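Chemist: Sequence:
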Amino acid sequence: MSIQEVSDLMGISSYTLRYYEKIGLLSFVRRDAHGVRQFEPEDLLTLNTVRCLKETGMPLKEIKHYLTLIQEGMASA
Numbered sequence: 001m002s003i004q005e006v007s008d009l010m011g012i013s014s015y016t017l018r019y020y021e022k023i024g025l026l027s028f029v030r031r032d033a034h035g036v037r038q039f040e041p042e043d044l045l046t047l048n049t050v051r052c053l054k055e056t057g058m059p060l061k062e063i064k065h066y067l068t069l070i071q072e073g074m075a076s077a
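In case it helps, full-length UniProt numbering puts the sequence shown at residues 1 to 77.
The hints are simulated quantities; they were obtained by calculation from the structure and are not laboratory data. The model shown is predicted, which means the values in this text are computed figures rather than measured ones. Certain hints may be false.
[What the hints assert, rightly or not] Below, a list of computed lysine-lysine pairs in the DSSO-like style, where the Cα atoms sit at most 27 Å apart: (1) 22 - 54; (2) 61 - 22; (3) 64 - 22; (4) 54 - 64.
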């Protein structure tokens with residue numbers, strides 16, 4: 001799924017998605033041979049978590065830390 005498709009589906013601007021990637025919130029997004037971002041269904045689940053946490057007022061820095069803890073937990077399972 002392209003960044004524009006994700007933007008339309010999730011109601012989050014392409015600019016914001018690029019910013020989230022830049023600061024490490026979406027470090028998992030893959031790119032194709034041409035460098036175009038390709039979002040997978042799992043990426044959308046994580047992005048939905050980011051959106052929900054942001055709506056509660058959680059700062060992006062804390063969201064990033066939370067996602068890191070989740071990834072570390074999944075790696076140790």
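Chemist: The structure should be examined with respect to each hint, and the outcome stated for every one.
Modeler: Here is how each hint holds up against the structure:
This hinted pair checks out: residue 22 and residue 54 have alpha carbons roughly 17 Å apart, not beyond 27 Å. For a cut-off of 27 Å, the pair hint linking residue 61 to residue 22 stands: about 13 Å separates their Cα positions. Proposed proximity of residue 64 and residue 22 is supported: the alpha carbons are some 12 Å apart, at most 27 Å. For a cut-off of 27 Å, the pair hint linking residue 54 to residue 64 stands: about 11 Å separates their Cα positions.
The earlier numbered hints are all upheld by this structure, with none contradicted.
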